[in-house]
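Trainee: As a plain string of letters, each chain reads:
2 protein chains.
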Amino acid sequence: MKINLHFSPGTVDELYLSDRTVVVIDVLRATSSIITAMGNGAQEVIPVGSIEFAMKISGNLFGGRTLLAGERNTIQIEGFNLGNSPLEFTPETVKDKSVVIYTTNGTKALVKTRFSEQTIVCAFLNLQASAEYLANTGKDIEIICAGRNNQFSLEDNVCAGLLIKLLQSLGSYSISDSASAAILLANNYGADISGMMQNSEHGKLLLENGFAADIDYCSHVSVSQIVPIFISNIIKA
Amino acid sequence: MKINLHFSPGTVDELYLSDRTVVVIDVLRATSSIITAMGNGAQEVIPVGSIEFAMKISGNLFGGRTLLAGERNTIQIEGFNLGNSPLEFTPETVKDKSVVIYTTNGTKALVKTRFSEQTIVCAFLNLQASAEYLANTGKDIEIICAGRNNQFSLEDNVCAGLLIKLLQSLGSYSISDSASAAILLANNYGADISGMMQNSEHGKLLLENGFAADIDYCSHVSVSQIVPIFISNIIKA
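Protein chains in written order, with our numbering: chain A, 1 to 237; chain B, 1001 to 1237.
A few of these clues could be false.
[What the hints assert, rightly or not] Calculated cross-link-like contacts (lysine-lysine; reagent style PhoX-like; alpha-carbon spacing at most 20 Å): (1) B:1108 with B:1236; (2) B:1165 with A:2; (3) A:204 with B:1002; (4) A:108 with A:56; (5) A:108 with A:2; (6) B:1139 with B:1165.
[Stated by the list, open to error] Here are the computed distance ranges between Cβ atoms for each label pair: (7) B:1229 with A:138: 29 to 35 Å; (8) A:213 with B:1013: 32 to 38 Å; (9) B:1096 with A:207: 56 to 62 Å.
Keep in mind that the hints were calculated from the coordinates and are not lab data.
Given the structure is predicted, the values throughout are model-derived calculations rather than measurements.
Just so it is clear, CB atoms sit at the ideal spot from N, CA and C, and this is done for glycine as well.
Using the sequences provided together with the hints, build the complete structure.
Mentor: What follows is the structure, encoded as structure tokens:
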């Protein structure tokens, strides 16, 4: 089996991903938020690639059952119920709800994988569970880091490196150059994930905007057993 | 001053590069070949983004003064004078010639920077000279690794990491997350560049196609004082 890693969604064509087993990682914060929402009882999460589309599809869903969540440049979008902080996705808020979510990077990366066989939503929070699920599929794996505006994000790639290391402990995988580089990042930064994130470009931006608690929350490793799966435009656990 | 690194040309928009100081790295083999050609007396090198355009502009140049060089998937293009092996660009072959060159990755990356203020052509061969030239400009620097089919190439990014380390020894630069990651790659692989390249995806492909001597040649660090500059669609030393 093979593992390939894309440092950002900009270098991968959506048709290349057709029928493949894909992982999307956006540690800060989209995939961490989605894992949290599913863990706290959301019925489903629908990631969308534009604010307009979020408004459109949420208008067609039953009132009171649907939440609109999302951010642009870290800040909650006006008129939306929630931003993109995982700490907002509490059981009281999301239980049995459909959550339509738009974010600057993560949900666009997810939407780009819509032709995949299945796309696993991964972050530090559910690393071990994601690795076990993926190893059990017996399939080649394409990992896509959401990055930031199509650029490299350190935290996503450290997470990818840790995932690849776990996969290698669970099965026999040949890995791409990019996957080797991510392992190097994981070995260098994996011992202090919170510190790494506070010093990353995206982490600094979040700190400036008052989201220190989000960074702390997203730095916990393998604390969730939830493996959200994106199939047919909808994420379910 | 700032240093930013793009792991592949696919994540950077050509207009973003307008009026910037840019470095393009394609160790295996385009930038190594261009440095060699300029060092061996070529009058100029004209990188092009398509084979058709290479044919077109070479037809308009004086006969006998122009060489067509290039490869597709490592192999010399039929009807061209040269492939993309730096060992072909001997003084006997290239002195006082105009070399029109097309390659699968490197020349496309160069063409993408055509709106830059200036683009430096860099490889292991001219690392020190490139760093000194760049530090003397006093400008922010955008480094683009040519990669392979828009994917990450280990050797280009190790080279970028070594360049960034040299720049930091010559001036005060703040660096992006991607640049930090490249330094980590340079620290890990920099001691055995030839070995790293033989085990990289691109290196393995070249070995399979009989280009072991090219890998050996391209692994030599800072042996050339030539700093080819791409301005107004032409590379001059």
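Trainee: Now look at each hint and say whether the structure bears it out.
Mentor: Okay, the hints, checked on the actual structure:
1. The hinted pair formed by residue 1108 of chain B and residue 1236 of chain B meets the criterion: a straight-line CA distance of about 17 Å does not exceed 20 Å.
2. Proposed proximity of residue 1165 of chain B and residue 2 of chain A is contradicted: the alpha carbons are some 33 Å apart, above 20 Å.
3. A C-alpha spacing of about 16 Å is found between residue 204 of chain A and residue 1002 of chain B, which places the hinted pair at or below 20 Å, so the restraint holds.
4. Distance check on the hinted pair: residue 108 of chain A and residue 56 of chain A sit about 17 Å apart at the alpha-carbon level, within 20 Å; holds.
5. Distance check on the hinted pair: residue 108 of chain A and residue 2 of chain A sit about 25 Å apart at the alpha-carbon level, beyond 20 Å; violated.
6. Between the alpha carbons of residue 1139 of chain B and residue 1165 of chain B the distance comes to roughly 16 Å, so the proposed pair stays at or under 20 Å and holds.
7. Checked against the given bound of 29 to 35 Å, the beta carbons of residue 1229 of chain B and residue 138 of chain A, roughly 51 Å apart, lie outside it.
8. Taken as a hint, the range 32 to 38 Å holds for the pair residue 213 of chain A and residue 1013 of chain B, whose Cβ atoms sit roughly 34 Å apart.
9. Look at residue 1096 of chain B against residue 207 of chain A: about 57 Å separates their beta carbons, and that is inside 56 to 62 Å.
Hints 2, 5, 7 from the list above are not met by this structure, while the remaining hints are.
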